[in-house]
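S.K.: Sequence:
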Amino acid sequence: MDKLPQIISDYINVSNNYDTQGYLATFSEDAIIKEDSLGKALVGKKEIQHYFETYFINYQTQTKVLTYTTSENIIDMKVLFTGNFPGEEINGLFKFTLNSSGFIANLEADLE
20 MDKLPQIISD
30 YINVSNNYDT
40 QGYLATFSED
50 AIIKEDSLGK
60 ALVGKKEIQH
70 YFETYFINYQ
80 TQTKVLTYTT
90 SENIIDMKVL
100 FTGNFPGEEI
110 NGLFKFTLNS
120 SGFIANLEAD
130 LE
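In this note's numbering, the protein residues as written are 20 to 131.
For the record, the hints were derived by calculation from the structure and aren't laboratory data. Hints may be right or wrong, so weigh each one.
So the derived label-pair ranges between C-beta atoms look like this [to be verified]:
(1) His69 <-> Asn103: 16 to 26 angstroms
(2) Lys22 <-> Gly58: 28 to 38 angstroms
(3) Asn103 <-> Asp21: 15 to 25 angstroms
(4) Lys53 <-> Glu91: 11 to 21 angstroms
(5) Lys22 <-> Pro105: 32 to 42 angstroms
(6) Glu127 <-> Leu43: 10 to 20 angstroms
(7) Thr39 <-> Thr101: 31 to 41 angstroms
Quick list of in silico lysine to any residue cross-link-like pairs, SDA-like style, CA-CA up to 25 angstroms [stated by the list, open to error]:
(8) Lys97 <-> Leu57
(9) Lys65 <-> Asp21
(10) Lys97 <-> Leu112
(11) Lys59 <-> Ser34
(12) Lys59 <-> Asp21
(13) Lys65 <-> Leu85
(14) Lys59 <-> Lys22
(15) Lys59 <-> Asn35
Every residue gets a Cβ at the ideal spot worked out from N, C-alpha and C, and that includes glycine.
Using the sequences and the accompanying hints, generate a full structural model.
M.R.: The structure is reproduced here in structure tokens:
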């Protein structure tokens, strides 16, 4: 298995530490999160910050990487979310696309 890009390791670590500024620093300035479980796209760091604070900090969500594959600048990942939300755990899917500078430009997220 290819090594997980550092920016993705950073994303998981800062997310699990509820570090808002660190979380935002993993994204490009014009990043988009397509959140299928919410049925909407979040565009730019202001919307991404609101998403992180609402669904990760408020629910004390922890993310554990279960499996991943890498191909060029795309990382597909299956994760386990645990936290203070109904059911307390659920599997999730991430598809990260990195830009030429190595930041997250696009993140497709869904629940399994």
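S.K.: For every hint, state whether the structure bears it out.
M.R.: We went through each hint and held it up to the structure:
1. For the hinted restraint 16 to 26 angstroms between His69 and Asn103, the CB-CB distance of approximately 18 angstroms keeps it satisfied.
2. Between Lys22 and Gly58 the Cβ separation comes to about 34 angstroms, which falls inside the hinted range of 28 to 38 angstroms.
3. Take Asn103 and Asp21: their Cβ atoms lie about 34 angstroms apart, and the range 15 to 25 angstroms is violated.
4. Checked against the hint of 11 to 21 angstroms, the pair Lys53 and Glu91 passes, with Cβ atoms roughly 19 angstroms apart.
5. A C-beta distance of roughly 35 angstroms is found between Lys22 and Pro105, which places it inside the suggested range of 32 to 42 angstroms.
6. A beta carbon spacing of about 18 angstroms between Glu127 and Leu43 agrees with the range 10 to 20 angstroms that was offered as a hint.
7. In this structure the supplied range 31 to 41 angstroms is violated for Thr39 paired with Thr101, their Cβ-Cβ distance being about 20 angstroms.
8. Straight-line distance between C-alpha atoms of Lys97 and Leu57 comes to about 18 angstroms, which keeps the hinted pair within the 25 angstroms bound.
9. Taken as a hint, the Lys65 and Asp21 pair is broken in the structure, with Cα atoms around 32 angstroms apart against an allowance of 25 angstroms.
10. For the given pair, Lys97 sits about 5 angstroms from Leu112 by alpha-carbon distance, which is consistent with the 25 angstroms threshold.
11. The hinted pair formed by Lys59 and Ser34 meets the criterion: a straight-line CA distance of about 21 angstroms does not exceed 25 angstroms.
12. For the hint pairing Lys59 with Asp21, the CA-to-CA distance comes to about 31 angstroms; that exceeds 25 angstroms, so the pair is violated.
13. With a CA separation close to 29 angstroms, the supplied pair Lys65 and Leu85 exceeds the 25 angstroms bound.
14. At roughly 31 angstroms between alpha-carbon atoms, Lys59 and Lys22 are farther apart than 25 angstroms, so this suggested pair is violated.
15. Distance restraint check for Lys59 and Asn35: the Cα-Cα separation of roughly 23 angstroms lies within the 25 angstroms cut-off, and the hinted pair is therefore satisfied.
Of the numbered hints stated above, those contradicted by the structure are hints 3, 7, 9, 12, 13, 14, listed in ascending order.
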